[in-house]
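Asker: Chain residues, written in single-letter form:
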Amino acid sequence: MHPFGDLSAYLDGALSPETRASVQAHLDACALCRRRLAELRGTARLIAALPAPVPSRSLVPRVSVPVWLAPLRTFSTFASGAALFLFLASAVVSSFPRMTSAGSAPAAAPAPAASALDTRGGATAATSSPNASLSDPEKRAAPAAATASPGAAFNVVTPSPVPAPAERTVTADQAVKTRQDAGSAAPSSDVALAARSERGGDQAPFNPFPWVWLALGVTFAALSFFLGRRLRST
Amino acid sequence: MGPDAGGATEALLDRARRGDAPAFERLALELERPLYRHAARMLGHDDAEDCVQDALLSAWKSLASFEGTSFRAWVFRIVTNRALDRLRSRRRHPELPLDPPAEDDDSAGWAEPAAPGPELADLASDREALRVVEEALAHIPADQRAALLLRDVEGFAYEEIATITSTEIGTVKSRIHRGRLAVRNILISRGWRGSSG
Numbered sequence: 115m116h117p118f119g120d121l122s123a124y125l126d127g128a129l130s131p132e133t134r135a136s137v138q139a140h141l142d143a144c145a146l147c148r149r150r151l152a153e154l155r156g157t158a159r160l161i162a163a164l165p166a167p168v169p170s171r172s173l174v175p176r177v178s179v180p181v182w183l184a185p186l187r188t189f190s191t192f193a194s195g196a197a198l199f200l201f202l203a204s205a206v207v208s209s210f211p212r213m214t215s216a217g218s219a220p221a222a223a224p225a226p227a228a229s230a231l232d233t234r235g236g237a238t239a240a241t242s243s244p245n246a247s248l249s250d251p252e253k254r255a256a257p258a259a260a261t262a263s264p265g266a267a268f269n270v271v272t273p274s275p276v277p278a279p280a281e282r283t284v285t286a287d288q289a290v291k292t293r294q295d296a297g298s299a300a301p302s303s304d305v306a307l308a309a310r311s312e313r314g315g316d317q318a319p320f321n322p323f324p325w326v327w328l329a330l331g332v333t334f335a336a337l338s339f340f341l342g343r344r345l346r347s348t
Numbered sequence: 154m155g156p157d158a159g160g161a162t163e164a165l166l167d168r169a170r171r172g173d174a175p176a177f178e179r180l181a182l183e184l185e186r187p188l189y190r191h192a193a194r195m196l197g198h199d200d201a202e203d204c205v206q207d208a209l210l211s212a213w214k215s216l217a218s219f220e221g222t223s224f225r226a227w228v229f230r231i232v233t234n235r236a237l238d239r240l241r242s243r244r245r246h247p248e249l250p251l252d253p254p255a256e257d258d259d260s261a262g263w264a265e266p267a268a269p270g271p272e273l274a275d276l277a278s279d280r281e282a283l284r285v286v287e288e289a290l291a292h293i294p295a296d297q298r299a300a301l302l303l304r305d306v307e308g309f310a311y312e313e314i315a316t317i318t319s320t321e322i323g324t325v326k327s328r329i330h331r332g333r334l335a336v337r338n339i340l341i342s343r344g345w346r347g348s349s350g
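Protein sequences appear in the order of chains B and D. Taking my numbering as reference, the numbering of the first sequence is continuous, increasing by one, and the terminal residue is 348. Taking my numbering as reference, the numbering of the second sequence is continuous, increasing by one, and the terminal residue is 350.
Isolated chain B (complex conformation) (with noise of 0.2 Å):
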């Protein structure tokens, strides 16, 4: 009787070694047994060959990364979104009420820059001459531009209320330039000012809301990006 059975296992070492002597013995004797083991081991070998499917993309889930680190993404972008938008939202309410009182003033019109650039410093020009304030322009320059004084940005006569920072940077240092250039001429925009300062400069003090949104709103999306780019790399 042909062991056909056990010419699988015997290909695959599986045999006990009785069961093993004992088909090889047959095999030794049968020309069909040796033929159908030699099919056997062609399909076994015609199986081992086949090529392999790749995956389209990475199996190993990402269980280095906290669970956590997802919902907080998602989170930060969202918060980004909604800071921004107050930002925006309170800027623009913010510039109403100066509109109305800078609107009052005679002269507030001639130089919104200017107006930026002095109404932190304006208590300062109100007391003191108009002139002295621009005794030394390079130093106020400086801090013009670094904070940018931007709640008086926005309570300036301008038809853009939320204008870029960089600009308003540059303009400021124009309006320096410009003050320098005029020397002690005591330009009418600074009697402006000086006028407006004594008039409302304590009652609409710098507003800092919509910067704080600004920042929120920034890290937000600075902590949604980097977020972003963990959950990726992993």
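FYI, nobody ran anything at the bench for these hints, they're computed from the structure. Note that CB positions come from ideal geometry on N, CA and C, so glycine has one too. Possibly wrong hints are sitting among the right ones.
What the hints assert, rightly or not - On the chain D side, residues computed to face chain B include the following (Cβ under 8 Å): (1) A181; (2) A193; (3) E287; (4) R343.
As the list claims (entries may be wrong) - Covered stretches of chain B (chain D as the covering partner; in silico rule of three or more C-beta atoms under 8 Å from a C-beta of chain D): (5) 121-131; (6) 156-166.
Chain D: place on chain B using the hints.
Answerer: Coordinates of chain D only, in the frame set by chain B:
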């Protein structure tokens, strides 16, 4: 594919079992392709990726319960079980039983070439033969296919395959033989002569 007895693998496994997630990810990365290859041939490409990813995540979560010596065999067991579960849940091919009624191995027919002779093309060295093998594997019962792939492709021993598929060695022996014989019969019916593979 050799057994994962390497010292580096053992060290990674120790770290992973203590909760070191990057160590587990490195272990999983080494097995990703073999696992996918196995799952894709069990399930087809569409479900294989999800199957492997689910299985690896499950392995991570239950790593503390792993007490065996071969991490590779353990993960293959999870993937194979998931693949068989998915196949069972499919109703598209109810005519293919996972494990047909046991029969005497000797009674399984040995097909003879329809027209044996030198005029038949030898498929063994041909890409066509591999295509026929893929097709044949897709048509044999899933339990036989799993055992056959674990043996011929992944190189597991019969004892390991018995553990992976939660069966007796005798059943493994029967499945491998019948699966291999079925593939051989399909090859023979397509003109394969079988001796040069």
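Asker: Each hint should be assessed against the structure and marked as holding or not.
Answerer: Tested hints:
no.	hint	in the structure
1	A181	holds (4 Å)
2	A193	holds (4 Å)
3	E287	holds (6 Å)
4	R343	violated (12 Å)
5	121-131	holds (count 5)
6	156-166	holds (count 11)
The structure does not agree with numbered hint 4 stated previously, though it agrees with all others.
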